[in-house]
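Those protein sequence lines, which keep their order, are chains A and B.
Mind the numbering: the first sequence is residues 0 to 416 in numbering that gives the first Met the number 0, read in order.
Mind the numbering: the second sequence is residues 0 to 298 in numbering that gives the first Met the number 0, read in order.
Any given hint could be a false lead.
[Unchecked claim] To be clear about the criterion: a stretch of chain A counts as covered by chain B if any three or more of its residues have a C-beta under 8 Å from a C-beta of chain B, and this derived list gives those stretches:
# : segment
1 : 146-159
2 : 263-274
3 : 301-312
4 : 317-324
5 : 353-361
[Stated by the list, open to error] The calculated SDA-like cross-link candidates involving lysine to any residue, where the alpha carbons are at most 20 Å apart (straight line), are:
#  : chain 1 : residue 1 : chain 2 : residue 2
6  : B       : 124       : A       : 62
7  : B       : 147       : B       : 130
8  : A       : 252       : B       : 76
9  : A       : 73        : A       : 56
10 : B       : 232       : A       : 273
11 : A       : 332       : B       : 216
12 : A       : 328       : B       : 63
13 : A       : 328       : A       : 273
14 : A       : 252       : B       : 130
15 : A       : 252       : B       : 258
16 : A       : 328       : B       : 90
17 : A       : 328       : B       : 76
18 : A       : 332       : B       : 104
19 : B       : 94        : A       : 33
20 : A       : 181       : A       : 273
21 : A       : 252       : B       : 257
22 : A       : 252       : B       : 89
23 : A       : 211       : A       : 235
24 : A       : 104       : B       : 106
25 : A       : 104       : B       : 16
26 : B       : 100       : B       : 136
27 : A       : 104       : B       : 232
Calculated directly from the structure, the hints in this document are not laboratory data.
Quick reminder that beta carbons are idealized off the backbone N, C-alpha and C, glycines included.
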Amino acid sequence: MRKHPVFVLFLIVLVAVTAAFFVYPKNFGANVMPWRLGLDLIGGSHLVYNVDLSQVAAADRDSVLNGLRDVIEKRVNLFGVSEPQVYLAQSAGGSDLVVELAGIKDVSQAIQLIGETPLLDFRETDPTASSTQFIPTNLTGRYITGAQLTFDPQTQAPQVSISFNSDGANIFEQMTAKNVGKPLAIYLDNQLIEAPIVQEKISGGQAVISGKFTVDEAKTLVERFNAGALPAPITLISQQTVSPTLGADSLNKGIVAGIIGTLLVMAFMIFYYRMFGVFAALALLIYIFLTLGVFKVIPITLSLAGLAGFILTIGMAVDANILIFERIKEELKKGLSRTTAIEEGFRRAWPSIRDSNTSTIITAIILYYFTSSFVRGFALTLLIGVLVSLFSAITTTRLLLRVLVKDKNPEIKKFGN
Amino acid sequence: MLNIIGHKKIFLSISAVFVIAAVAAIVGFGFRQGIDFAGGTLWQFSIASNTPSAAALQDFFKSNLDASDAIVTYDAGSGSFMARLPSISEPVHQKLANLLKTSYPSFEEAGFQSIGPSVGNELRKNAIIAMILVIIGISLYVAFAFRKVFQPVSSWAYGFITLLTLFHDVAIPAGLLALLGHYAKIEIDSNFMVALLVVMGFSVHDTIVVFDRIRENLLLDRGRTAFAELVNKSVNQTMARSINTSFTLILVLLALYFTGPASLHYFVLTLLVGVTTGIYSSIFVASPLLVIWQGRKGK
């Protein structure tokens, strides 16, 4: 770097200019790795469901949770939302399932389709109870492989035929064998649908639900079973929905604030540090394009909090420059030549720059690992911003000064005061 | 050169008044907890024509939800209402939305956020854990940064005063939010905690710059100058950079405060107050305290 400052500087500027085209959300930048924006900026829904695993044996929990995620994923894919996210998360309340739907138009319908799911289970009579009481069995919708709409041959009433997988078929066979002559209740969403008396042991894994359905009801039920029945009940415990209008508004305001903030910082630096300020302003622009480029390459899903974190780093990125310039001023006062003062200034300001940025880095790392997704976005952009700004202040500004400031012209001591 | 150390009593008294007021506000009023800590609903919507008053909507929610603590505010800037309600389920949300749409056909939902109390507890717990960890992390770092003993003040005094300054810088914005919570029903949320943590980082940042200079001058000076005088010189030498590094951040924060999205308003305000307090404390609190510490020891 010391030997070929012009070349290295040229390289950095070239990368920054490429990054500028890359991050600009039109033309080239729109086609190559488009920006990923958070739900709070493009509009959408963030739904958190708590999964009730109380009826599931501890050993089965992982498979039930994964099955649940797959089923919900299939359902969510029906909404035609681009890149829906369905993932599991652990919380104090047990296991949570998070569904993220970007740019969805009708959230309430989506919630209905996810939430009002056919939770099917079979219950047998409690042999210890005096009256007829049903107790849950382990035969539930998770064993269903498919369903179809059929009609009762006698009454022509619509009914739903379901098929179990081999495990389910075995359980069903044993259960029917055990309960011959007794009612076996079919519950849908914890509502008793019917409780036919078992005539004989049923093998082959086929069952028919013949509640009092209309054709449409039976059809919907079949569709939902085919999308997959839920292996465990879920409850919506938290919801965050942002309309696309509000999201776009937040994004625009954030960008405007970022641009105004950048201009203010650049104006201040040029006003206070004159020629050196111009270099800091240039370095700030390079910083902005490089950082945005890094965000896009990783790629980071930029949320409102993340945008705020990035805008804060714009105010922080010049801090290292300020520390360096103040040092250079002191060195100049000591009577050093400009090029020597610059080298000394950089060398002596470095411990302060390192020390003072470390606390922000510690904060960002802890925030990233110990908080929820919304705060995380902020922590991540803050961390990347501080790291890139360290690079930018030490490398870019230094190179700019090395290449452009010469000792030859001692009259131009335009260096504020 | 400003005689900061000479007037340290005035500067420290100003700080003391603010910190005591802030702590009194926090202890006396406490914080109003936002929905991500206590559970609840935030509902943002607009009614373009035939716009009702916020009070009328507040009564609507109170009667329909049987919730006495429903609060509705109107933001003229964005022309939207913000309703703060207890945690409601999706069917209730739909029912209320339909009722509103019937009464006001131009009703349009902009955002809806409902968080159950258990999720709130979890988020609050995480925020507090993060806060404690950041304090521990920063303390360890400060101890590390000042590990080299240099006379006449022991290295851990620098660390202790850095943390005292940190407390000062966090207490004042926190006190302001407690005050706003009491008088303007402003709530604190995870963003507020994040803002305080960021203020902590900056507070340490500024204090370290000044203390680094004191350390350097002590090494160069080798006991020729009186400690108080040397500290005063160091503060003056670093004053411009202390102010400027924070000032560039304040410029960005002002841009965010006045033109940024409304949802970041109090996050930015907390940061603005914290960073401004940080400028003051790094110049007028940290170094005077160091001199007082040294004076006590000398007696």
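For each hint, the structure was consulted:
For the segment 146-159 of chain A, the stated coverage by chain B is not satisfied: 0 residues place a CB nearer than 8 Å to a CB of that chain, which falls below the threshold of 3. Evaluation of the coverage hint for the segment 263-274 of chain A: fulfilled, as 5 residues show C-beta separations to chain B shorter than 8 Å, against a requirement of three. Using a Cβ-Cβ cut-off of 8 Å, 5 residues of the segment 301-312 of chain A lie near chain B, which meets the minimum of three, so the contact claim holds. With 4 residues bearing a CB less than 8 Å from a CB of chain B, the segment 317-324 of chain A meets the requirement of three and the coverage assertion stands.
Interface restraint, the segment 353-361 of chain A with chain B: holds (7 residues with C-beta to C-beta distance below 8 Å; minimum three). Note on residue 124 of chain B and residue 62 of chain A: the hinted pairing is violated, with a Cα-Cα distance of about 29 Å set against a maximum of 20 Å. As the CA atoms of residue 147 of chain B and residue 130 of chain B are separated by approximately 27 Å, the hinted pair breaks the 20 Å bound. For the hint pairing residue 252 of chain A with residue 76 of chain B, the CA-to-CA distance comes to about 12 Å; that is within 20 Å, so the pair holds.
A threshold of 20 Å between alpha carbons decides the hint, and for residue 73 of chain A with residue 56 of chain A the separation of about 25 Å lies outside it, so the pair is violated. About 26 Å separates the Cα atoms of residue 232 of chain B and residue 273 of chain A, which puts this hinted pair outside 20 Å; it is violated. Simply put, residue 332 of chain A and residue 216 of chain B have alpha-carbon atoms about 17 Å apart, close enough for the 20 Å limit, and the pair holds. Using a Cα cut-off of 20 Å, the hinted pair residue 328 of chain A and residue 63 of chain B is violated, with the two alpha carbons roughly 67 Å apart.
With a CA separation close to 12 Å, the supplied pair residue 328 of chain A and residue 273 of chain A stays within the 20 Å bound. A hinted pair counts as satisfied when its Cα atoms are at most 20 Å apart, and residue 252 of chain A with residue 130 of chain B does not qualify at roughly 29 Å. This hinted pair checks out: residue 252 of chain A and residue 258 of chain B have alpha carbons roughly 6 Å apart, not beyond 20 Å. Between the alpha carbons of residue 328 of chain A and residue 90 of chain B the distance comes to roughly 66 Å, so the proposed pair goes past 20 Å and is violated.
Under the criterion of a C-alpha separation no larger than 20 Å, the hint pairing residue 328 of chain A with residue 76 of chain B is inconsistent with the structure, at around 45 Å. Between the alpha carbons of residue 332 of chain A and residue 104 of chain B the distance comes to roughly 71 Å, so the proposed pair goes past 20 Å and is violated. Between the alpha carbons of residue 94 of chain B and residue 33 of chain A the distance comes to roughly 38 Å, so the proposed pair goes past 20 Å and is violated. For the given pair, residue 181 of chain A sits about 93 Å from residue 273 of chain A by alpha-carbon distance, which is inconsistent with the 20 Å threshold.
Only pairs whose Cα atoms come within 20 Å are accepted, and residue 252 of chain A paired with residue 257 of chain B is accepted, the gap being roughly 10 Å. In summary, the hint linking residue 252 of chain A to residue 89 of chain B is not supported, as the alpha carbons are separated by about 30 Å, beyond the 20 Å threshold. As the CA atoms of residue 211 of chain A and residue 235 of chain A are separated by approximately 29 Å, the hinted pair breaks the 20 Å bound. About 16 Å separates the Cα atoms of residue 104 of chain A and residue 106 of chain B, which keeps this hinted pair within 20 Å; it holds.
With a C-alpha separation of about 53 Å, the suggested pair residue 104 of chain A and residue 16 of chain B falls outside the 20 Å cut-off, and the hint is violated. The straight-line distance between the Cα atoms of residue 100 of chain B and residue 136 of chain B is roughly 51 Å, outside the 20 Å bound, and the hint therefore fails. Distance restraint check for residue 104 of chain A and residue 232 of chain B: the Cα-Cα separation of roughly 63 Å exceeds the 20 Å cut-off, and the hinted pair is therefore not satisfied.
Violated hints for the displayed structure, listed by number in ascending order: 1, 6, 7, 9, 10, 12, 14, 16, 17, 18, 19, 20, 22, 23, 25, 26, 27.
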